[in-house]
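There are 2 protein chains.
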Amino acid sequence: MKVKKKGKQTVLLKNPPTIISTAAIVGPKEGQGPLGIYFDEIINDEKWGEKSWEKAESKLMRETFSKIVSKSNIPYDRIDYIIAGDLLNQCIATNFGIRETGIPFIGIYGACSTMGESLGIGSILIDGGFADNVICITSSHFCSAEKQFRLPLEQGSQRPPSAQWTVTGSGGALLSANGDGPFITRITTGKIVDMGIRDSNNMGAAMAPAAADTILAHFSDTGLTPDYYDMIVTGDLGEIGREICDELLASNGVYLGGRFNDCGLMIFDRKKQDAHAGGSGCGCSASVFAGFLYNQLTAGKLGRILFVPTGALLSQTSVQQNETIPCIAHAVSVEVNFRNQSQG
Amino acid sequence: MKVKKKGKQTVLLKNPPTIISTAAIVGPKEGQGPLGIYFDEIINDEKWGEKSWEKAESKLMRETFSKIVSKSNIPYDRIDYIIAGDLLNQCIATNFGIRETGIPFIGIYGACSTMGESLGIGSILIDGGFADNVICITSSHFCSAEKQFRLPLEQGSQRPPSAQWTVTGSGGALLSANGDGPFITRITTGKIVDMGIRDSNNMGAAMAPAAADTILAHFSDTGLTPDYYDMIVTGDLGEIGREICDELLASNGVYLGGRFNDCGLMIFDRKKQDAHAGGSGCGCSASVFAGFLYNQLTAGKLGRILFVPTGALLSQTSVQQNETIPCIAHAVSVEVNFRNQSQG
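In order, the protein sequence lines correspond to chains V and E.
Read in the numbering used here, the first sequence has 58 at position 58, and its numbers run on one by one without any break.
Read in the numbering used here, the second sequence has 580 at position 236, and its numbers run on one by one without any break.
If you are wondering where the hints come from, they were derived from the structure by calculation, not from laboratory data.
Among the clues, some could well be false.
[Claimed, not checked] The list that follows gives simulated cross-link-like pairs (lysine-lysine, DSSO-like), each with its CA atoms no further than 30 Å apart:
#  : chain 1 : residue 1 : chain 2 : residue 2
1  : E       : K491      : E       : K615
2  : E       : K348      : V       : K8
3  : E       : K352      : V       : K71
4  : E       : K358      : V       : K6
5  : E       : K391      : E       : K415
6  : V       : K6        : E       : K415
7  : V       : K4        : E       : K352
8  : E       : K358      : V       : K8
9  : E       : K348      : V       : K14
10 : E       : K395      : V       : K147
11 : E       : K348      : V       : K4
12 : E       : K415      : E       : K645
13 : V       : K4        : E       : K358
14 : E       : K350      : V       : K14
15 : E       : K395      : E       : K411
16 : V       : K8        : E       : K415
17 : V       : K271      : V       : K47
18 : E       : K348      : V       : K6
19 : E       : K411      : V       : K8
20 : E       : K350      : V       : K71
21 : V       : K147      : V       : K51
22 : V       : K67       : E       : K348
23 : E       : K348      : E       : K358
Chain V on its own, in the form it takes in the complex (with noise of 0.2 Å):
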């Protein structure tokens, strides 16, 4: 059988999934950021009347795929799969989270990759003919990866100038065979790199280098040249990562210029928000990409874009062990329009 794959690391499809409808909810902090009009519901509190962070993240994702499905009119009982990720021990912010829906699950786990990983398994079971209706979604929040990842919140620690906020917020998509767009096109599947930074509050210096080994091998395997999309926006590298990623493309002939951007750096106001070095989690590109970036798509206002959810594939007790953090990356094309004389 020919392979649909072009080059080493990415896929073509021909018959490529429309994005019917997306939806995020988000914490009070990431709904005063500057992307706070573009979702659907602003908590108000982090325990959103749960009695504990995990539960109330757990909500986060339940209430989000109510409003994907609310939103898109495919019945519940068409919706094949659904398969998501987050970045609790053994993803129980999802398990919990979806246990009810009845629906066929795939359970995933990329770090803060989850987004992308996601939207490109969902993509392959639609194009590839297995699938109809397929939900993709993550989620992150704050304290619960505070008090899992780092140090307890009570504790009031002081934290460095390189390290991230973690999203609370859940977004998520859901993928349908019919539609008129906007359309998942390609899907560059990442490999893990390890360039042996071990700060576990410096995590976008270790993904940076994912991050530019996804991009180069997207362009590379296509034949594209950056210019083709008008956006391309990585999922959480933050300032100091998004800088290096830079200079990794540059010093490989690759130049995004005015057109690179980082969910990280758009969802919180850097100014007037303490975020550190940005956002990040499986939360920050999830929600960035169903808020605002499936917005500016169906607005008209970005016709083309190359969405990189960027993940650290670390833990707890990895970073005890001293280990460095392998970490991983995933390129996902929407375009408004799907041309197949672009596919090659």
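Knowing the structure of chain V, use the given hints to seat chain E on it.
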């Protein structure tokens, strides 16, 4: 586009992948069990020369991966994807185990159902024409799992008879678009089932309803009856879970009889080895599949099996917060001969 799904949860593969090669490396206790002769390597101690159990688990996966490739005759650079996961927080056994491969990586989390999820996604990538060669692999480790999910081993806590013994081992398979079988012909993706069990020392009881749900969906979706298969083999229900699953199936008019087996019951000699209710863990179903079951299929002793890895989607945090245990099971049909007419 015509969806290939038949019924709600099952995909029928028209261009089913061949399982080209498998490998399994297990711990000393597993090596002393009745399936010992079927494993590629038996390690002498649980640390295998590493400084921690977690690093030893990564090594198990790394070395198993190498064996799968070297047994396959497929050149390393023609492997398109690795699909892998494990039980550790943030799947670090996998992330560190395969970080040097440079192969596009899809990280998954399905607790002990991970091998089924991995074979399912891998088969879809090949059947849909997105890949030629995919490696599906998982691992678990008794010591790292006890430390993380239950109590420090040094404490020497007494375990109740319903507790299961996490298998130390890694198992995996290389799926290829080209080959003469055994073939993966059908995939039934499970949904989360949570019947309210809270006891993390009785995961067999928690997982049994999920296993029964997926097995019932498989037969309902495909129109097949249990006698189509020579063996229907769950992942790690153990003694208690197997009995409950059998009862649940019978109450729905489905009788598996003597063809019902469970990897967790097969891997240890429960009369001679102290494994309580049976084996468990990602590495249990993976190593039994890659070791014993694949051998029986290629030796002509089994013609068709339904492989149903089962997973308990709990975490230490969810247990401490008095949550119930959501569970899931994914079913994969493996057949020595692929007969297209049987695909309806």
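Outcome of the hint check:
1. E:K491 <-> E:K615: Holds, because 26 Å separates the two Cα atoms, which is no more than 30 Å.
2. E:K348 <-> V:K8: holds (27 Å)
3. E:K352 <-> V:K71: This hinted pair holds, its Cα atoms lying about 23 Å apart.
4. E:K358 <-> V:K6: holds (23 Å)
5. E:K391 <-> E:K415: holds (25 Å)
6. V:K6 <-> E:K415: holds (27 Å)
7. V:K4 <-> E:K352: Roughly 27 Å separates the two Cα atoms, so the pair holds.
8. E:K358 <-> V:K8: This hinted pair holds, its Cα atoms lying about 25 Å apart.
9. E:K348 <-> V:K14: Holds: K348 of chain E and K14 of chain V sit about 16 Å apart, inside 30 Å.
10. E:K395 <-> V:K147: holds (26 Å)
11. E:K348 <-> V:K4: Status holds; Cα separation ~18 Å.
12. E:K415 <-> E:K645: This hinted pair holds, its Cα atoms lying about 21 Å apart.
13. V:K4 <-> E:K358: holds (17 Å)
14. E:K350 <-> V:K14: holds (23 Å)
15. E:K395 <-> E:K411: At roughly 23 Å apart (the allowed maximum being 30 Å), K411 of chain E and K395 of chain E satisfy the hint.
16. V:K8 <-> E:K415: holds (23 Å)
17. V:K271 <-> V:K47: Measuring from Cα to Cα gives roughly 26 Å; hence the hint holds.
18. E:K348 <-> V:K6: holds (24 Å)
19. E:K411 <-> V:K8: holds (23 Å)
20. E:K350 <-> V:K71: Holds. K350 of chain E to K71 of chain V sits at ~27 Å (cutoff 30 Å).
21. V:K147 <-> V:K51: holds (15 Å)
22. V:K67 <-> E:K348: Distance ~28 Å between K67 of chain V and K348 of chain E Cα, so the pair holds.
23. E:K348 <-> E:K358: holds (9 Å)
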